[in-house]
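The listed protein sequences derive, respectively, from chains A and B.
In terms of the numbering used here, the first sequence opens at residue 6 and continues consecutively.
In terms of the numbering used here, the second sequence opens at residue 6 and continues consecutively.
What the hints contain is simulated information worked out from the structure, not anything from laboratory work.
One or more of the hints may lead you astray.
For chains that are exact copies, the list does not tell them apart, and a pair is met inside one copy or across any two.
The calculated EDC-like cross-link candidates involving lysine to aspartate or glutamate, where the alpha carbons are at most 20 Å apart (straight line), are [as the list claims (entries may be wrong)]:
hint, residue 1, residue 2
1, K186, D219
2, K70, D156
3, K186, E46
4, K70, E40
5, K186, E50
6, K186, E76
7, K70, E207
8, K27, E163
9, K70, D176
10, K186, D36
11, K27, E49
The structure presented is a predicted model; accordingly, all values stated were derived computationally and were not measured.
There are 2 protein chains.
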Amino acid sequence: MANFGLWDLRLVRPRDGWPNEKAIAAASRADHVLERVRVFETLEEAISDLTLVYATTARSRDMQKDVLGPEEASNTMAGHIAGGRGAGLLFGRERWGLLNDEVAMSDAIVTLPVEPAFASLNIAQAVLLMSYEWRRTSAEGRALPFSEGLDEAAPRNELVGLFEHLEGVLDQSGFFTTPDKRPSMVNNLRTALTRGRFTSQEIRTLRGVISSIDRRHLRPNPNRAKKTDADE
Amino acid sequence: MANFGLWDLRLVRPRDGWPNEKAIAAASRADHVLERVRVFETLEEAISDLTLVYATTARSRDMQKDVLGPEEASNTMAGHIAGGRGAGLLFGRERWGLLNDEVAMSDAIVTLPVEPAFASLNIAQAVLLMSYEWRRTSAEGRALPFSEGLDEAAPRNELVGLFEHLEGVLDQSGFFTTPDKRPSMVNNLRTALTRGRFTSQEIRTLRGVISSIDRRHLRPNPNRAKKTDADE
């Protein structure tokens, strides 16, 4: 819940009572959720102020209820809440889920698109997924917790400077095997190097790389193997 | 993974070796995933056949990498895979995640839209959410494991039969306080009762309810309190 910005947790007759030391220890410092927990004697009391309640269930119920996917459910709830009304999601007990008379009190059923041949979600996973879907649906869900984005790509003249530097060096090194092949080889190189959207810093670095290799070529080195033409 | 139809799990030097009894016990019979696990000595080998690799990370890296949300990442991967190419998601170690040189080998970073003020996802939760998002994005994700849908609403003449039955009984019971109020009261009742889109069975049941109450009224009962007009 806390991972995805939810905090209104209501418990109905929790098996192990409340507060519960084990639950608190497992909550990874989600104190703002734990401090607000409300405990109710009945489901009716727990949802009394809500005007939209969905029951999460993992198996089919022979009931005249709409069955929604998480996205559809979240969208409807978001609209409902945006209208100033209260909506809630009902989760059942770990092993046997919600009783039919609890499901009957809901407006619709929500179920997750699990693989029918293999479905094994526990309540923590179901809560996590519904919380995630809620956040995804609500406005905040578009915002990632961090996103440097990329630095601005360098102005095009710097990229052209890199190209001309590189091509000049390649002209000298005999990279372009015949003059008529040069234009297409240059185009291929420029296409590949443009795709990366280099920053100014990266272009400086790449030009340093070229210069370094180029100077090495000019420097006599007795151990150096005979230079072969670079692959196209 | 298995909940959402994924099965290609690749491990790089797992801390506790493989096969691992504890992992198998925790896998809730996901044998088809466990049997296909491949173990690699290096990340490079593990992803060697893939042409798109995203690294999941929970914190910002000072790297020139795109940062994607799960939906965007899943969509791109789905397109990539639909084109017959391999894509993979990289998850790090439980406590300290992926090393920077591992992230560096990825095409982009994927992160979940967690609450910045409170983020505490473990690797199992991250895998669950990414698997869910994958399934949601891919075609199968539209299919819920069950969905009775609602039975067909009854033909309108049965609904009208219910209305006329009810209104006839109410005429007799004095529900409609004055004749000029009757049309609007009938309209309000019909509007409310139409909204539920009753099935034929439900209409039979409701008519049974009306008849039952109606017959009770006709049956003399000395203990019965003086009848008051129903509220509008």
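To see whether the hints hold, each was checked on the structure:
Taking the shortest alpha-carbon separations for K186 and D219, neither the intra-copy value of 22 Å nor the inter-copy value of 98 Å comes in at or below 20 Å. Proximity of K70 to D156 under the C-alpha cut-off of 20 Å is restricted to the inter-copy arrangement: shortest distance 9 Å between copies versus 51 Å within a copy. Within a single copy, K186 and E46 get their C-alpha atoms no closer than 83 Å, and across copies no closer than 43 Å, so neither meets the 20 Å cut-off. Proximity of K70 and E40 under a CA criterion of 20 Å is satisfied in neither setting, with 34 Å inside one chain copy and 39 Å between copies.
Taking CA atoms no more than 20 Å apart as the test, K186 paired with E50 passes in neither setting, with 81 Å inside one copy and 37 Å between copies. Taking the closest pair of Cα atoms, K186 and E76 never come within 20 Å of each other, the shortest separation being 55 Å inside a single copy and 44 Å across copies. Taking identical chains as interchangeable, the C-alpha atoms of K70 and E207 lie at most 20 Å apart only when they sit on different chains, with a minimum of 13 Å there against 59 Å within one chain. Proximity of K27 to E163 under the C-alpha cut-off of 20 Å is found in neither arrangement, the shortest distances being 60 Å within a copy and 56 Å between copies.
Taking the shortest alpha-carbon separations for K70 and D176, neither the intra-copy value of 74 Å nor the inter-copy value of 33 Å comes in at or below 20 Å. Proximity of K186 to D36 under the C-alpha cut-off of 20 Å is found in neither arrangement, the shortest distances being 68 Å within a copy and 56 Å between copies. In this assembly of identical chains, the alpha carbons of K27 and E49 never lie at most 20 Å apart, being 27 Å within a copy and 41 Å across copies at closest.
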